[in-house]
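These are the residues of each chain, in order.
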Amino acid sequence: MKNTLNRTIEMKIPIEYYIWLSTVLFTIGVLGVLFRRNAIIIFACIELMLNAVNLLMVAFSSYHNDANGQVFVFFIMAVAAAEVAVGLAILVMMYRNTKSVDINILNRLKG
Amino acid sequence: MVVFSKNPVYSVLYLIITFFAIAGHYILLNAQFLAVVHVIVYAGAIMVLFLYVIMLLNLNQESEPHKSTLLKIAAVASSGLLLVVLVGSLRGVSQVVSKPGTEIGLVKNLGQVLFNEFLFPFEITSILLLAAMVGVVMVGKDEEHTKPNN
Amino acid sequence: MSYSLIITLIPILPLLGFLLIALNGKRLVRGFAALIACGSVFISFGFSLTLFIKLLNGAEPFQITLFNWISAGSFNATVGFLIDPLSSLMLLIITGVGFLIHVYSIGYMHDDEGFNRFFSYLNLFVFFMLLLVMGSNYLLMFVGWEGVGLCSYLLIGFWFKNQDYNDAANKAFIMNRIGDLGLIIGVILIFVHFGSVNYADVFPKADAVGTSILTLITILLFIGAMGKSAQIPLYTWLPDAMAGPTPVSALIHAATMVTAGVYMVARNNILYSLSPIAQELVLVVGLATALFAATIALAQNDIKKVLAYSTVSQLGLMFVALGVGAYASGIFHMATHAFFKALLFLGAGSVIHALHGEQDIRNMGGLRKHISITYLTFLIGVLAISGIPPFAGFFSKDEILANAFEQNQIAWGVAVVASLLTSFYMFRLLFLVFFGNERASEDKMHHIHESPKSITIPLMVLAGLSTVGGFMGVPEVMGGGNWVGKFLSPVFAKSAELKLEHHLEHSTELMLMGTIVVLTLVMIAIAYLRYVSKAHVPAVEGELTGIHKIVYHKYYVDEIYDALVVKPLYWFSKLFDIIIEKSGIDKVVNLAGEAVYDWSKIFRLMQNGSLGYYIFVIVIGVILIIAFSYTR
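Residue numbers (the numbering used here), protein chains in the order written: chain A, 1 to 111; chain B, 1 to 150; chain C, 1 to 632.
Keep in mind that the hints were calculated from the coordinates and are not lab data.
Honestly, I wouldn't trust all of these hints.
Derived coverage of chain A by chain B (criterion: at least 3 residues anywhere in the stretch with Cβ under 8 Å from a Cβ of chain B; other residues may be distant) [said to hold, decoys possible]:
#	segment
1	30 to 44
2	71 to 83
3	86 to 96
By construction, the Cβ of each residue, glycine as well, lies at the ideal position given by its N, Cα and C atoms.
Kindly produce the complete structure, drawing on both the sequences and the hints.
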């Protein structure tokens with residue numbers, strides 16, 4: 001077991017594939033944000049977008065052998081966690097006031 | 001699947017599967033620590049939170065609101081456009097030279113980098129999490145039920 | 001003390017006086033304000049005297065440059081002063097007569113609540129006038145020119161609570177401005193053709209520029225002089241300017257400001273000598289004004305209006321002198337005129353003061369026993385202006401007439417007629433005010449008293465000057481040395497070379513002199529007969545008929561101007577107001593405002609509050625940004 005963990009893995013996959021994968025994931029996330037009307041699912045799609053970016057960063061970090069990418073991903077995760085917590089709390093609050101999580105009803109910003 | 005499924009619970013469950021897949025990619029990319037952290041934080045905490053909230057609000061398939069068809073088509077079109085633009089702009093970036101792999105993804109090495117160069121952000125992140133916690137508690141307090149009776 | 005310092009202090013002291021009094025306003029004790037004002041002018045007088053004596057002893061004219069004022073491309077203008085015989089003589093007159101009038105005002109304005117304000121304006125006026133005569137370039141002279149116009153506005157409208165006085169002040173200022181337009185165009189032309197506005201650069205090169213250009217320039221400059229020195233057609237402001245306090249009339253409209261035009265033409269004498277057409281114009285205008293104003297003065301009944309028209313007429317005479325090329329004579333007459341006209345105005349002020357505000361001569365009479373000092377000084381003034389030897393006016397007027405006879409006999413004839421009329425109406429004034437029955441009301445005659453010393457002492461000083469002032473210009477024919485002419489000759493040297501020399505034989509000149517004196521005495525006798533022996537009192541306005549009525553109403557010139565100029569101007573501006581202002585500019589401005597309002601109504605629809613819409617727009621924006629940044 002120890003040997004397996006210590007052994008490093010050689011990169012054979014060219015980086016363009018990772019770029020495209022990340023792009024596709026991001027786009028699916030955008031599609032989800034535009035497509036759904038449920039606010040919670042929109043949040044989930046935002047998380048998907050963040051993850052796409054994380055993936056890309058880790059890919060680059062591994063290709064350049066630079067630890068900065070991974071550190072940054074670490075921080076992104078932490079921030080994402082905080083953001084989800086706060087966002088969901090606000091959402092719950094809105095639900096209590098308007099009894100719905102439909103974003104068409106959440107239009108208090110109307111000017 | 002996340003996007004298209006009608007039941008929100010299904011949506012979330014598909015998202016969890018996606019996260020596991022991404023964690024697999026992390027392991028492939030020599031970022032073992034991150035993979036584990038990814039699973040723990042995202043799939044373990046955040047998605048669970050999502051599920052709690054969905055169940056709290058008792059959302060199911062029938063009460064799911066729908067968008068009009070025109071808007072759905074517009075959404076698909078614009079995100080397709082985004083995809084095209086992004087891919088088109090990121091086309092010629094394959095000059096990356098693959099360096100020989102090292103062990104930067106291991107906990108020990110990552111931890112060294114984290115605590116040497118990025119100490120300050122690390123500490124600040126903890127304060128950020130504290131602030132988030134406090135905020136959530138404040139926002140989520142249920143005024144109607146916790147007000148003292150006159 | 002260095003001469004630069006003295007020269008600089010001469011205008012600065014009155015300016016400081018103005019600032020000190022104006023900034024302290026009513027807080028300043030009256031006596032102190034008067035002390036500052038009179039003191040500053042007196043010290044300036046002392047300095048002017050020093051410079052004058054220096055020049056007398058044969059020093060070169062002083063020219064100092066204080067600092068470089070404007071430097072824009074090829075246009076350079078400095079703030080510099082030129083003290084040569086001409087300007088030093090003017091300095092003496094301005095500061096000397098100005099000082100006497102300041103002292104006079106202490107007594108005259110004693111009861112007025114604007115006492116401090118009056119003295120601050122007087123000092124400001126002296127400052128600007130000094131700038132005008134001391135400036136070494138056209139621009140500085142123009143600054144002084146405009147400044148005295150401003151001060152005359154302030155001082156004429158001094159009792160601003162009366163709207164008529166304000167209108168008179170407006171009239172003075174606006175008419176001055178019309179003349180100033182000609183002046184400034186002339187200065188611009190000077191700059192264009194000579195490349196500089198300094199006197200030192202312009203005068204030596206005068207003969208290099210073509211005659212037609214010079215004629216144009218000099219005519220334009222003369223238009224400015226017409227406005228400032230009240231010649232036809234821009235003279236109607238001066239009689240109306242009598243609305244101001246009498247010291248103002250004395251200082252501004254007799255002694256100093258109106259002479260600015262004469263000074264300017266004299267300063268530019270070389271330019272005028274080189275353009276005969278312009279000189280002819282000056283001569284003709286001067287003659288016309290002299291005669292015209294003299295006729296109007298015959299029928300006026302306000303003591304100050306008579307003196308005002310007499311000023312206009314005498315100024316015409318001065319321009320006659322300049323028009324025939326006798327520049328020194330014109331300046332000489334200006335100096336003597338300053339003495340006796342200021343004397344006459346101050347004397348009139350004393351009469352008005354004694355009668356507590358009465359100005360109509362039909363309500364005066366027989367005052368000579370009651371206010372004897374005023375009477376005696378007034379008598380000397382009238383004798384001087386009529387040209388009776390040995391008083392000052394005789395020598396100066398006679399020199400003008402002699403020079404006119406040399407050049408142009410017709411001009412001489414008209415000038416003689418004007419002078420005779422002058423003596424007639426001046427003595428008419430004297431007799432109606434001081435001789436005959438006492439026509440003033442009982443109450444006024446009861447309270448009559450001689451004016452205080454602060455009024456009578458300047459009167460006496462001026463009377464003395466009017467008596468002996470003429471002796472500075474005694475012509476050769478009478479054995480004198482014509483000192484004034486010699487003193488001023490360096491300034492007019494070039495012009496003298498150009499002037500065609502006619503020389504009158506001494507016998508002709510003496511005969512002319514004698515004839516004129518005799519004719520003058522005849523006029524005086526006629527006036528005496530009419531107004532003292534027959535005790536004729538001028539009629540009340542309603543009873544006037546025929547020519548008398550026309551002359552009394554000043555040939556209706558004011559009314560003509562009103563109909564020809566003022567009313568069309570008002571009509572024009574109304575037209576512009578309606579067409580351009582309301583329909584044009586207002587519409588455009590309102591359109592801009594309304595456009596913003598309408599567009600914002602449209603843009604407001606974007607803020608519909610639905611999150612989905614917002615995110616949609618964000619995505620579109622991202623697409624556009626990426627697309628545009630990568631397709632560059």
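Status of the hints after comparison with the structure:
no.	hint	result
1	30 to 44	holds (count 12)
2	71 to 83	holds (count 11)
3	86 to 96	holds (count 9)
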